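*Asks:* If you read the protein sequences in the order shown, they are chains A and B.
Counting with this note's numbering, you get residues 1 to 220 for the letters of the first sequence.
Counting with this note's numbering, you get residues 1001 to 1230 for the letters of the second sequence.
Rather than coming from a laboratory, the hints here were simulated on the basis of the structure.
All values derive from a computational prediction rather than experimental measurement.
Warning: the hint list may mix true and false statements.
What the hints assert, rightly or not - Distance condition first, Cα-Cα at most 27 Å in a straight line; then the derived DSS-like pairs of lysine-lysine: (1) K1087(B) - K121(A); (2) K59(A) - K1159(B); (3) K169(A) - K117(A); (4) K170(A) - K61(A); (5) K1046(B) - K170(A); (6) K1073(B) - K156(A); (7) K207(A) - K5(A); (8) K207(A) - K59(A); (9) K1073(B) - K124(A); (10) K1087(B) - K117(A); (11) K61(A) - K1169(B); (12) K1222(B) - K124(A); (13) K1087(B) - K124(A); (14) K1132(B) - K1169(B); (15) K124(A) - K1159(B); (16) K124(A) - K1046(B); (17) K1159(B) - K169(A).
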Amino acid sequence: MALDKYGIAKRIAQEVKDGYYVNLGIGIPTLVANYIPSDIQVMLQSENGLLGMGAFPTKDKVDPDMINAGKQTVTTIDGAALFNSAESFAMIRSGKIDLTILGAMEVSEQGDIANWKIPGKMVKGMGGAMDLVASARNIIVAMQHTSKDGQSKLLKTCSLPLTGLHCVKKVFSDLGVFDILPEGGFKLLERAPGVSVEEIIQATEGKLIVEGIIPEMIIH
Amino acid sequence: MINKTVQHVDEAIRDIHDGATIMFGGFGLCGIPENCIAALQKKGIKNLTCISNNAGVDGFGLGLLLATRQIKKMISSYVGENHEFEKQLLSGELDVELIPQGTLAERIRAGGAGIPAFYTPAGYGTEIANEKEVRVFDGKPHLLEHWLRADFSIVKAWKGDTAGNLIFKGTARNFNPMMATAGNITIAEVEELVPAGELDPNEIHTPGIFVTRIFKGNHYEKRIENLTTL
């Protein structure tokens, strides 16, 4: 069966390693924070100007001057730092962030990503997404494999306005895990529990590479 | 002796005129100059170009100036969650320029630092790259981006002194320090205003040289856009 958004977040949490600086986008990526193993330490970066983001506050600890990039009230962990937004993007542009996890509406087999605009429908702005995808060394995407009406979102080329070119390294969808190869193509690495290779082939419009036996993913 | 204090918000904004370009500090509703925004609404000046990461929400922040149609153009990175904004954008009443957040922050920083332009990789290969100069550094294409300056910058700080020095709190810092440097006239509103000498110079975020006028805000609602608790 395909994963729900919590399942995708749980699987992605396994990619987070001890000592990492991590930027989480809005949506499924935000959920990843809930599943990071307690025996490792990571520093979550929030691009408005916070490194070392902690849990949401309890009701009596809410501070309107402490929010994350999704404008949610947050706390800090030991070792946290606060800074201005220009300095925040200095960290991002200079490649100091070890792992960036973003949501996407479409990803192409070349690693292009579209996640900021639907012409005529949604004009909210790109926020920090274009800066992140242009500079982060290690970008992985959390997304639904197909739209509600069954159209593939893992495409040959993106149909929506791009956020960035050739930047996505790995895709975690509700159906599986995929490397995006430097020469182009989605290389199937793992299947979601109970999902067949055949189902993944059917749901993928872009070039899909299937080599050997594809293991089922393990979700703790 | 340098004393940048004004007593009242109306005195702080006295020369802001129709058609002015104004930077507003803040990220979402966090760290926004609430008192100046309310006073600008009351003053009723129009055709403003506003540079701000966001456009407030319906009924608060820059949403107040949108409701009264005082804003002609918004320069922002993210403008979701604001119905009035969306309505005016779709009807063509409001002109909007969307800029990647890091590029926006750096363009303002450059404006305040006397750097007319710089190259950044953000937005290469996307529609925002249209007609921008591209140059390859280290094998990677970058876009030429120009500084941003404004007739007025309005920032909100936690503490300030009569010499104009500012200290910000938490993530309410955000765009405020860069904007403070990039206005021809910079107006700072603060929660606590003390005589020069009372703030530790080691802890100043924005040196007073960048601030033209400073005043203590009467009231801070600090509305929370997205209250999330355990």
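*Asks:* Run the distance test for K1222(B) versus K124(A): straight-line Cα separation, threshold 27 Å.
*Replies:* 23 Å, holds
*Asks:* Please verify whether K124(A) and K1159(B) have alpha carbons no more than 27 Å apart.
*Replies:* Outside the cut-off at roughly 33 Å; violated.
*Asks:* Would you mind confirming whether the straight-line C-alpha gap from K124(A) to K1046(B) stays at or under 27 Å?
*Replies:* Given pair K124(A), K1046(B) holds - Cα atoms ~24 Å apart, limit 27 Å.
*Asks:* Between K1087(B) and K121(A), does the CA-CA distance stay at or below 27 Å?
*Replies:* 12 Å, holds
*Asks:* Are the Cα atoms of K1087(B) and K124(A) separated by 27 Å or less?
*Replies:* 12 Å, holds
*Asks:* Assess, step by step, whether the Cα of K170(A) is no farther than 27 Å from the Cα of K61(A), and give holds or violated.
*Replies:* 37 Å, violated
*Asks:* Is the Cα-Cα distance between K169(A) and K117(A) 27 Å or less?
*Replies:* 21 Å, holds
*Asks:* Is the hinted pair K1132(B) and K1169(B) satisfied, with a Cα-Cα distance of at most 27 Å?
*Replies:* The given pair, whose Cα atoms are some 36 Å apart, is violated under the 27 Å limit.
*Asks:* Run the distance test for K1073(B) versus K156(A): straight-line Cα separation, threshold 27 Å.
*Replies:* 37 Å, violated
*Asks:* K1046(B) and K170(A): Cα distance at most 27 Å?
*Replies:* 48 Å, violated
*Asks:* So if I understand the rule, the pair passes when the alpha-carbon distance is 27 Å or less; does K61(A) with K1169(B) pass?
*Replies:* 15 Å, holds
*Asks:* So if I understand the rule, the pair passes when the alpha-carbon distance is 27 Å or less; does K1073(B) with K124(A) pass?
*Replies:* Distance ~15 Å between K1073(B) and K124(A) Cα, so the pair holds.
In the structure shown, a violation is registered for the earlier hints numbered 4, 5, 6, 8, 14, 15 and 17, in ascending order.
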